[in-house]
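**Student:** So the chains spell out like this:
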Amino acid sequence: LCINNNMASNGLSYDGCNFFRQRLVLSTLSGKHVKIKNIRSKDDNPGLRDFEASFVRLLDKVTNGSRIEINQTGTMLFYQPGLLYGGSVEHDCNLQRSIGYYLEALLMLAPFMKTPLKATLRGVTNDPTDPTVDLLKSTALPLMKRFGIDGEGFDLKVVKRGMAPGGGGEVVFTCPVCRTMRPVQLTDPGKIKRIRGVAYSVRVSPQMGNRIVESARGVLNQFLPDIYIYTDHMKGANSGKSPGFGLTLVAETLDGCFLSAEMSSTPQGQGDSVLPEDLGRNCAKLLLQEVYRGGCVDSSNQSLALLLMTLGQQDVSKVLLGPLSPYTIEFLRHIRDFFQVMFKIKVQKPSEDERKGGEKVLMTCVGVGYSNINKTVK
Amino acid sequence: MDGKVKKQKKHQQKHSGPKAEKKKLRKHDKPTEEDDRRRNPKAFAVQSAVRMAKTFHRAQDIKTRKHHIPLVDRMPLEPPPVVIVVVGPPKVGKSTLIRCLIKNFTRQKLGDICGPVTIVSGKKRRLTFVECNNDINTMIDLAKVADLVLMLIDASFGFEMETFEFLNICQVHGFPRVMGVLTHLDSFKNNKTLRKTKKNLKHRFWTEVYQGAKLFYLSGMLYGEYQTQEVKNLGRFISVMKFRPLVWQTSHPYVLVDRLEDLTNPEKVRMDPRCDRTVSLYGYLRGAHLKNKSQLHIPGVGDFQVSDVNFLPDPCPLPDAQKKRALNEKERLLYAPMAGVGGLVYDKDAVYIDLPASHSRQQQEEVRPTTELVQSVIDTHTTLDAKMAASKVSLFTGSATLDPSDLNEQNREPGLQEEHIWDPNSQRERRKVVFPGEEENVKVRAESETMAEGAPPSKIQKLEEVKSCGQSVAELPAFADSNDELEKSEEEDEGEDESEEENEVGRAEDSGHCSEEEEEESADEEVNTDGESEEDEEQGALRWKEDLQQKAAEAFLRQQEAAPNLSKVVYGSVVEAVDSDEEDEELGGLFRVSRPHKSKRLQTNSVDCSRFPPDSSLNWNLEEILDSIRDCFVTGKWEEGQDAATLLKQDDELYGDFEDMETGEVHKSQTAGQQEEEEENGESDEGEEIQVRMEDEEVQKNKRLEKKRRLKERFNAEYDDGDATYFDDLKEEMQKQAELNRAEFEEMDDETRVQYEGFRPGMYVRVEILSLPCEFVANFDPHYPIILGGLGSSEGNIGYLQLRLKKHRWYDRILKTRDPLIFSLGWRRFQTIPLYHIEDHNGRHRLLKYTPQHMHCGASIWGPITPQGSGFLALQSVAGTKAHFRIAATGVVLDLDKSVTIVKKLKLIGYPYKIFKNTSFIKGMFNTVLEVAKFEGASIRTVSGIRGQIKKALSTPPGSYRATFEDRLLMSDIVFLRSWYPVTIPQLYNPVTSLLRSVGQKDNWSGMRTVGQLKHDLGIRNKPNTDSLYKPIARAKRRFNPLHIPKELQKALPFKSKPKFQQPKGKMPRDLRRPCVIREPQEKKVAALLHALGTVHHYKKKKTTTVQHAKHKEFLQQKEKQEEAKLKRQKEAKKKLYRLMGQMDKKKLKSSLKGAPKDD
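Chains as they are written, first to last, in our numbering: chain E, 1 to 378; chain C, 1 to 1160.
What the hints contain is simulated information worked out from the structure, not anything from laboratory work. Just so it is clear, the structure is predicted and the values come from calculations on it, not from any experiment. A hint or two may mislead.
[Unchecked claim] Derived coverage of chain E by chain C (criterion: at least 3 residues anywhere in the stretch with Cβ under 8 angstroms from a Cβ of chain C; other residues may be distant):
| id | stretch |
| --- | --- |
| 1 | 23-33 |
| 2 | 37-49 |
| 3 | 126-136 |
| 4 | 363-372 |
Even glycine gets a Cβ: it sits at the ideal position worked out from N, Cα and C.
Turn these sequences into a full structure, and let the hints steer you where they fit.
**Tutor:** Right, here's the structure in full:
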């Protein structure tokens, strides 16, 4: 009775299931409750999909005291966030989306838990739609280290690899807790000094990996001699349930920024199969595309970087990005909704004689002074 | 004085003679420490390594103890006024002191001190004085916002409870600066007692604050004011004082409200006087950045969301930076709207003039009515705007009256200017708001447009409209809620903009397909007619296949360049999915055909994926495309400043030329030499290229400067970083961050800047809040401060809190679990029900009935989420004043969820109903089999201490079970099971709404009562448990069963131990009974005689035996004597004998000793 009278209501309401994860994650971090209406209400198959339900369940596992209400048809969801608890979490991710879908959200939440997170996620590790586990491992983790999230047990380990559609992969993600974020000034990415990569293959001939490496090197050698692509062939119990192969490439700059690209074979029984040579070549071109876009953060981690900037101290943070992806643009709007933070967006056009790819965007913001309220003080 | 200053004799130094020699000698070999060491090395030798280590450690300790954790300095360039809270018990002279200080700084007199008074005290400092009354609510609120506390103490009385309470409140919520001020010192007649009292008070004050805390003495009053010189000194102290940043204050935005306007529609108030109010509150923003739409807490009222924030021109601005020492009369400003001072006050869209203030020249001595503003607020029947429009004011006697419109014209914001642009398409004039920086390019555009069309006639518009127009300026990124503003502007333009935008969008979309020329043409499309562009298209149609790839790439690039302002894309045009406006077909007027809107569904329900789909326009097989990213790799070209070759060259420049000191040879670097040569050459033919040389000189100068800078940097690096500690590095990092913070948004105008970083501290803001309770306005009292405390993210939520709590050592009672308590935590004051607990050695949190007397304990409450580490204090009541100390407990927040379960002890009791050897059947402890099943294996105990275990449930009676014990139970034993029962924390959160109470009742807030108070108030007495009552003890006599010894055992026992069976004398059978003898008289006589004789005989016998006994005794005594004598004799004889024997032995020994040497 008193609660309703004296606490101002601060909820937000959205339509549709797009950007589902962003909304729930930001709601959890900001403590504002959120209501999502009209989830596929006009669809033949209305309501939340299994993978979204699985995501909500994962969120429920890592939080303590959150209230989730879903109506009968699943077209409306109400989420009142609790406190992030963390600890040891095991989750069987739905096979419709890969583990990357779940992991992206966990990466945003993990530093703000009460106890260090140790999440074991099972499901599809690599599929063409979402950023794969390998990509997140090689780009998101070093990015988070720049924000001061570091320490013992900050790790993402691929225990088993499972390709779409069968899955059967397993990933262990551990993250220490953090009290505050450090403001960053990532304005100069520096020059790329080396390119590394992983060519993985499961339940196919181990030769596939070598063929991918060969073709990818062919493209990248025009720019840099320091290229090393590991082949990762998993066998037996570690190889999941479906055959497939793929490549993840990461370019590291002198200033410790990481740009990445990846490509994986089409899932078994869904469309035409790809030749490993083509895949290697195309993936290398994707990396070049990413280099062309440039910035200090690669395109799939833009939102993570922006979130960590927002949650920083009340200091100015700057980060140079490539062109903003639609997902990031929506994320920026959501950040404004949840944290009232607007970014100063300055487009840097490339000069005439410079050969450094396309235009970049310099994002500047003042952090909200967020501190991890879940961590226990002794 | 008269120009001829008397010259004094100059000192003449000796150049010869013994004194000069001595001096020379001393100068030559100055005895340094080095010398001392060389001369007497032993004195400087290491005597003890341990001692040396100790001294070193001590030195380091002292050094590091001075360090504070470096914080980023977030103080804005123009800081908000310093909040000075004047506290003290009533009648100690608070108002007088404030009045004196204000008079000291501004030369103005203020009557009643209502609300905060802001003044300009110096070139860089403003002060806000707030008087704190004796209410503990006010004390708590003001302690949270104070920068400096002037603590007034009545020296004639000594310390009062309020002083200590306030100090304790400060201690809990971060200690602001505290300065004590002793007043009433003139009441001491005796100088010695005065000195003594001062000293005593000072030392007591020091123990509370810190050793050496400043205590100021105001010796006496003159005409109702403190002495001018003393007030001046106090003012100087205040104006140079430095303040430490407090954690809570720097991490939260807050406003000490100094003005309040009720914006509610008066009609609505008339209809329903108790309706919720819309109120705008004004004040300087302090602490951190405030964001629009963020959450606020108003202590004493509740939580609210900011509906709108604006910044207003500073009512009390700092003087412009000029080189002069003192402020002039104009700059000594005073601003206190609640006290009715301030003259002109500005609002977002109105200007208020305080009429009495403008007449004050004529009636200076008149004390202004204090409640005027309040009265005006309460008695509002028409809106202020309407009033303003109706009223006419003449500023000077005899001058023309001023219209409100004129006033508006004069007082609009300085940065905003109007420009009229003729729009050819809509055939009307559009007014564009221009900010000074943009003026030029807009003018250019305006000119180009006026070239196309004839210049329109200019008109003068009202400012209100300009404002609404100003928000639609394209360069402004939209505000948090301003997506509708864009729409507004579009509506205004009657679809004109839309068509333009469509043009642009269309262009951007098909630019990939059309040819280059067409693209160029399309830029001028507005000028060209349609026919022309068609012609072009025909021309281009033939060549379109050439260089398709390259064109596509270029087109893409151009598209990228032509992209509209990115921040507008992100924040400006939020696509809103509105379902209501769908075109639905109706079937028979009843049913609607629902067709999913394809595009809309894509937006709202498409796949949620963070991947950025690759751009297909770039073909990475082409060489030039590949070339476009060459420089991203280390193998590519490097920038000027980073290229290894140029860096080497620069180093050469720096270190190339040097002079060899020994040989005097001068080495010069190649480049430097060349330059000099060039310069010489230049001088030779100087007549030709003066211009070029000028430029050259410029370049040279720059180069020199650069060189100097680099050298300095290197020097600094060498000498500073040599012993730079971690602390120094950290400090430098913070310094850099602070500079960046200041520099980043410096060049922006405030309007834009506010959107990015929020409203920065130091701004004078107007905060609009909807739906405040009507009592807030109706019962407004300026003597009670209104504070807007900003809340961080998720601090607006409510949940469980774990606290560490300690009863205050000065509080005279211990606190009881579940008694409601009033907490002051964060900004809030609220009542809640705490549970106290303590952690056992095994980590269990056991509920306590009462807080420990002198120990910390845990407390769990249901309350607002507040960051860990925030301090709190607790009170039992805030109503009225009490004689004793009111702060019941203090502590700190540890944790914010229910991660520990508090348990209380529960004993379940059962009784044995069947006892076998060590096994018993127990009943009465549980009710069902299921309950028993849950406790299988649990350990149980009897009162007598026999331990056991629950084994298995029995079917009947329900809830009984079999248990085994380490010994056999008795039926009289009671069995119990010790268990722990989790306790739920009661969910009561009751904010103290003291500000809503009527005037004069504000310090009487009382919330939920304790059970004890309730019983006391209602006169209820509990019936005590009958078991607890004292009764006379009636003990039943204990009867023991006879001892039973088995027969076999009996047989084996010796007779002595055998049980003796004294048969109870039952009735003898008749045949065994002796018959009764009845004597004849004769026989009777005989028997009587015999009996008499017998008695005589017995008597005689007895007599003789006694005599005999006596004789025998005597005999024995005699015998004993003889014996004794005999023994004595014998002893004597023995003694003699032994003595003889001893003597003989001695002799023998002696002779043997004597004889021995002889033998040798």
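**Student:** Are the hints correct? Go through all of them and say.
**Tutor:** We went through each hint and held it up to the structure:
no.	hint	verdict
1	23-33	holds (count 4)
2	37-49	holds (count 5)
3	126-136	holds (count 3)
4	363-372	holds (count 7)
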